[in-house]
Structures are given as structure tokens and as C-alpha cells.
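J.: Residue numbers (my numbering), protein chains in the order written: chain A, 72 to 365; chain B, 36 to 206; chain C, 39 to 501.
Hints were generated in silico from the structure; no laboratory data involved.
Everything hinted at is true.
Capping the alpha-carbon separation at 25 Å, the derived lysine-lysine pairs in PhoX-like fashion look like this:
hint	chain 1	residue 1	chain 2	residue 2
1	C	Lys410	C	Lys244
2	C	Lys199	A	Lys111
3	B	Lys176	C	Lys107
4	A	Lys81	A	Lys96
5	C	Lys199	A	Lys96
6	A	Lys259	B	Lys176
7	B	Lys176	C	Lys490
8	A	Lys276	A	Lys307
9	C	Lys107	B	Lys124
10	A	Lys73	C	Lys199
As a plain string of letters, each chain reads:
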Amino acid sequence: MKAFGYVSAKDVAHAVALLGEHGAKAKILAGGTDLLVELKHAVHNPEIIVDISRLSELKTIAVADDGLHIGALATHGDIMNSSIIRDMFPAMVDAAHSIGAAQTRNLGTLGGNLVTCVPSMDSGPALIALEALVTVASSAGRRQMPLGELFVSPRKTSLKPGDLLVDIVIAKQNLSKPAAFEKFGLRKGQALALVNVGAAFFIDKGNFLCPRIALGAVAPTVIRAPKAEAYLEGRKISAEAMAEAGRIAATEAKPISDFRASADYRRDLVAVLVKRALASAQARAAAKQKELAA
Amino acid sequence: MTDVTMTINGQTRSASVPPETTLLQLLRENFNLTGAKLGCDVGDCGACTVIVDGQAVNSCLMLAGQADGRQVLTIEGLASREHLHPIQKAFENSGALQCGFCGPGVLLSAKALLDDNLDPSTQEIRDALSGNLCRCTGYTKMIEAVQEAARLLREESRTQLTHARPEVATP
Amino acid sequence: MNEHSRVLERDKLDIAEPLSDVELRLPAVLPRESYPIETLTPDARQQTRAVGQRVTRPDGRLHGLGQTKYIDDLSFPGMLYARIKRAGIASARIKRIDTSAAEAMPGVMAVLTGKEIPVNSFGPSFQDQPVLVDDLVFHAGDGVAAVAAVTEQIANEALEKIVVEYEPLPAVLDPVAAMREDSPKVHAPNSNIYATKTIRKGDVEKGLAESDHIFEDRFSTQMIEHVSLEPHAAIADWDANGRLTIWATIGRITLARADIARTLKLPMSRIRIIGTIVGGNFGGKNEISQEPALALLSKKTGRPVKGVFTRGEEFTSTTTRHPIIMDYKTGVTNKGRILARQIRLVLDGGAYCSWSETTLGKACILAPGPYKIDNVLSEAFVVYTNKTMTGAMRGFGAPQVCFAYESQMDDIAKKLGIDPLEIRLLNAFDEGSPSPTGQVLHSVVIKESLRKAADRFDWEPRS
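Excised from the complex, chain A in its bound form:
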């Protein structure tokens, strides 16, 4: 790695002040699983690294009045082991578990995964399906926006120099929404997603209500599949409907061909994974109902 300066932030205010001071010359170090690789390959040559990895206030996972808050520095391992997330948002546990391997999951953070903004990010689809919000801190104060507005293009977010992603929020009304995450990679471990899918819907008298489908790795950023969602809205829940939604979602994907897979193969995967994700969300809802009944 090339030489750089290093400062370890003491708290969020200190971090924001440091980022405000150094602007584009600074890079934020959270888990480092992406940043260190990029520094080694000289993708970035920052003058200073602002290490936020010690900010325990950004590691909290807790339920507040407005919903579930996951601190941006919660690692994928923290998410997998959090009883709150296991209980309320198991799709996120699946997503976290599918990332890298134990060693990288113990370092890599949710916020880092989101702001690195690669199309295949595994944290994105489930959160988008549950319409998550993100909180950004800067010297101008805090602001909240839908997660989708964070993503601009591969490796580019709407964050400006000086901004710090601090918090991911799933609104209260969406917490009980059955959701699922499905991923297909070339190996079972340590593989980037060829396609990943998040799906969520309420069940209203046996019908789909507010279905949300998010697709990863098939467009410049994580995208929703509005046509497939519209098809499902109000429709009776059935395996056929799920399969048809998958087929529609496949037409909405805009995948590329690369050395991992062809665009056609990825489109086929979208159809299969959307169907699976919907089915697994339904199964999860059924299991939950059974649990509540018992």
C-alpha cells in the first residue's frame, strides 16, 4: 500500500468533523474488507484514512419506536448472531451469511457493503424489498432517505465527501412483513452473486399484498421489479403466480454477460430465484403463524 495518514475517530461527531475537514482527500475505513483491497491495488490514493471501526455507537442493533435500527458498523457476523434480526428479519441473516466467509463477515460491515455499491452486493436486495431507509450524518446534520436513493451506479453512491452513513432503518410497518433472500453463486462459499433476489409481501386473505421484489447483480445497481410486483398485487397466492412473477421479473432485469455468466443465464436465474424467494417468504410466514398459534 502507498503511504497515507491515519486517524482513529473517537465518536461520530469526531468522524464527521474529520471528514468535513479532509473532504475528498479522506477515505472512511469501516470493516476494510473492500477498502484495503482497493488501497493495495491503488484504486484510491487517499491522503488520510479516517478509521471509524471503533465507533461502538454505530454497532447497535435495536428496535425503536420508528422501527428496527441496524448501525452501519454492524458486521455481517453481528447481523447473523443478532437475536433481534434472527427473530424479526431472518432474510437479512441469510443475506449476511451468504457474504464472503467467516473471516470477512467478522470484519465487513453492513454500511460498508452498501456504500461500496457493487451491483452484486448481498445486503441490498432484502433491504430494498423491505423499503429500508438510511441515515446519513455530515457537518450539516443528519438526513434520512430511502436506501434506493443511495445507489447511483456501480461503485458510486449519492454520498458526498464529508457524508457518513450511520444507520439503516426498517420502518415499523414493514417489520412483520414476510421476506426472503435467495442467491446463486458459482460456489457455495466465498462467491459473488450471479444473481441475488429479495422478496417480501403481506398476506391478505390468501392474496399478495404490497409485494416487493428486488434484484441484484442484473443491473448497474440493485433494482426493483415493478411489473412483477404489479402482477402479484391482490392476486391469490399460488405457486403458478410465483413462477409467473419470476418470468416477468426476468424481463425487467438488465444483466450483462461477463466471465462469470452470460446475460441469458442470469435472466433464467432471476426467474428461478424470484419464484424461490416468494415461496420461501410464504413458508416463513406460515411458520411464524404456526409459532404464534402454538
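With the hints as your guide, set chains B and C onto chain A.
T.: Chains B and C alone, transformed into the frame defined by chain A:
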């Protein structure tokens, strides 16, 4: 320069290093602990795995500064001159290490797993070792070795060996 | 909670009493205790049962303790770190190399280019590979200059300061096209086909004519890197008495010594090679690579010089497994007996020969498969292209042809409606069967093995 002080294998050590020094470089070059290896330098192969505050991490993906104030366990801290750690014993008896280059990382991943779970399923072992690549294709024996180590450790905890075993350098 | 339970409290390090400066200066090693862990050395001359026993490796103890010393675990006083600048272009003529800015950098002790290498070529069969290219670039992973500096970081920065001007030349990338007369030549004026082998048995034309069915298929395999976990690494120390010691992660140290002696024009008696424990070879560490460059950097600086390849260099600048384009024409009877097999193999040799001749021979001999075929024609060609060189890798060509003939066996079985196991039992070698080269084979257990395997996994006949 970044000043760091950390507990390594139970001993407190300090160093002053350039900020871009990784934890792996710090261990190998400043502290002469060459057990952790540089394999890929991007967090894929797991040869650099060490345990920091109880969790297995890729030391090539951590700056030395991030490890300041933390507890680090390297392969050198697993055994003493008196006793092998049960994981080491099991790996040796199973012939689970061939060229050995991935070994320190694999053993520490196994340690992190067994510290949490003394009766892991094959799937859990595979999951715990999925960040450790072995090109000698020795995974089957490694999984057997972890199972054997788990058995040895369960036996130990059953016999209530409460006296501090020196070889278990729990950080 | 057991005694191994992990520390859950993070970010807390209780240092009860401030440590003294003396204590903090101690190396981070465990305190010395009375010797030793129980011995792993077997008794001399003691005969132990081997077959059916689980083998405990004699080096397993040190591996498990993390005490095995690979090259990168060694260091010497005053040691420098070498890095090699890679061409990054498949085919080109070097117009100019300017190393002055790199040489002027503080901490850079020496820069080396190909022109300074006494005999700038090596290779286990043909000496066609330069240590550092001096005139023509043959593939993107070629080294064009090497730097020795006091730290790896400075060596890396120095590489960026070396200016190389290239005149791009047409690159040969398709091995089949490379065989044509009019193709650009990788090592002009020589043909791109640098080795061939042909095996004839019986009369393949006649056999094909007598067959009920002819199957014609093309199979191809990709380039594969060994990816040994330990990268290629070496330390060279050229001492003031003119003796050279090289610690190297090489499987064939005597061959390496001959090659190094040749490139450096140094008597072999002045060279000592210490083969350390190799962290994975698989055929990828069977020849020298950067060692002569490290030796010359050591000579220039009077200091030991260490070089460790990056993972990227492992892929671009070390040998790989040959991709092979395999054309199979097989004649069979209605009952599935193979009467004739005609094979044409084109091995993509990459930029240099390395162990291609060995691979070519083995692939050619094994290409018909372990089957009794009276009429065989197997032709193999290995061809230069402007790609990463291919060389030895476990099996030397056998896995590639196995993929082809077994794939075709399945196709034949399916087409003829024969169980895939049956068609193999029908054609497989027996005790005393002659191989395609006429060797009479003994201890042939292929049919027993197939039957036993089928039995073990409950093979159900399918057709």
C-alpha cells in the same frame, strides 16, 4: 507513524509503524510471528487468519492501527512447548495438513468455531472453513480433524479440567 | 462456558500495570519452557505397516505449530526486497527503457534490465524463456525490469517510475490459427509449432470404414493455474567471495542449479540452492523464474535480496495447465465396441516451452483412453501463442484428454442406447492388453474398479 499496543498470545506488546502497515505485516515483520501467511493479500485465501477479540479475521485486511488495544491470538499462541492444543493434535493425527501453508489459518478458523460450538455439524465446519483455501485438496481430512478436536475438547470439558491448562492461550 | 470461550467484550484491553519499556521491547514469542512436546521422530530402521494405515506426516507437527519456515518467513540482515515490472502487453518490441527515475529514489538500491543478464534464456527443455525480456515481449506477464529496494513499498513505487516504450506487434492468441503458415511467429523465424508427436496403431482408416457408427466431436479445456497457496518466492545472496546461495521454493533444485548457472555464466560449484519446504507445487514450481534476477540484484547491491510473487503474478507470470483443443473421431460397432479412434490434439503452449514436451507426449499416448482399440491414430501439436506459458501440472495432459474421451464415451453410449458402465466394461483394458504404444500392461484392475465403484454407489443401469 501509528503507535499500537495490543495483547498478542497473552503478552502485551507495542510498536510504532507506518499507518499503511497491515496487522499481518505487524505480526510477521515487527513481532517475528511468521505463522500467519500472506497468500492472496485480498482476503480470499485465509492463510493470514488470526483471532482478534475472539473472532477469526483476515489479518491482511486489517490495519495495525485497527488492532490497537485488542487481543490477538496467532498460531504461535495455540500450543506451548509442553502440550499441543487438541486441534493441533487432531490435525496431526489425521494427516490433515499437507504442504502446511494454509494450516495456521485453518487451525485458527477451527479454534474460533470450537470456542463457540463444541459439537459442530459437518456443515457448520465447512462453513467455518470456507474462508480457508487448501490447494492440496485436503478438506476431507481437515473436517475429520475438526470433528476429532471437538471430541477431545468435549472430553476435556466433561472431565472438568478446571486447572488452567498452559497450552490454551485463550486471549 | 468452557475455558476456550471467546472473549465477547470487544474494545477492552485491561493493562493492569503499565509495562516497562524493557518488557515492551521483548519479541512476542512464548516464554521458553522445558523441552519438549513428545517426539515425532520414528525409531530408526523400524518397519511399520503402511498399507491400510493412516499416515501421519513427519512434517505435520511443525505445520500445525506454525513453525514451518517457508521462504517468506526467512529474512537476513540487510535484506532487500525485489519487485519485477511486468510488460502488460502480449506482443511488442521494446523501444526504450528508462530506469533513471527509479534508480534516483531514496531506498532503491538497484535496478536490473534484461540486457544485464549474461545469458538471458532458460527452460527445462528448450531455452526459449528470457529471465527479463530485453528486446521482444512474448506475453503480458513477461518481466521487463527488476528493482531491489529497502522495503517492498519502495520497490513497488519504483516500478511505477520505470518508463518503458513499446512498439505493439500483432499478437498470436488462437493456437489453431497459430499453426497456419501465414500466422505471425511468436519466436520468429521458427514455426509456432514447436513439438509434435504421433502414435499409430493398426489402420485407422480401415477401422473407421468397418465401423457402424462414426462419432466426431471437438472438446476443449481451459488454462488452469496451480494456485499453490505459497506464491513463488526466493532469496538470493551473492557473497563477496563470489558464491551464490539461493533459498528457493522449487521442486527440482538440481535442475534449477543448472539453469541458474547457465543464465549467470557461473560454475555450478559456486551455486548453492537450498530447497525449502514448498507451500504447494503441483508442477508449478518445477523450474526457475525470478531467481537469476534476484541473484544479479544481490550481486549489484552486496545484500541478500528476497522476491515474492504477488497473487496476480502467480496467474500472469508462472506456468499454467495447457488448454487443449481435442478432435475425436471414433468408429464403433452397433454393439458399442470401439474399432478405431483418430485424435488430433492442439496444445496451447503459451509463450514458452517449459514442460510442454512432456505434456504433449503424455497427452498423446493417453488420448485413446484405457480401451482396447485396434486402430489408433493420435497426433498432437504444441503451439506457441502470446499468452502465459503452460507447463507441468499434475497429470501432464492426462486430465484434459480424459475429459474428452470419457465425454465421448457417454455420448456414444447414449446414442447407441447402451448403459455407460457397460460400454466401458465392453472396451476396457484387460490384464495383458497392449497400450496404444504397444506396452503390455500388467496389474490392470480397471474393470474390477468400475464394478466395485458402481456397486458402492448403487449404480442403476441406464440406457
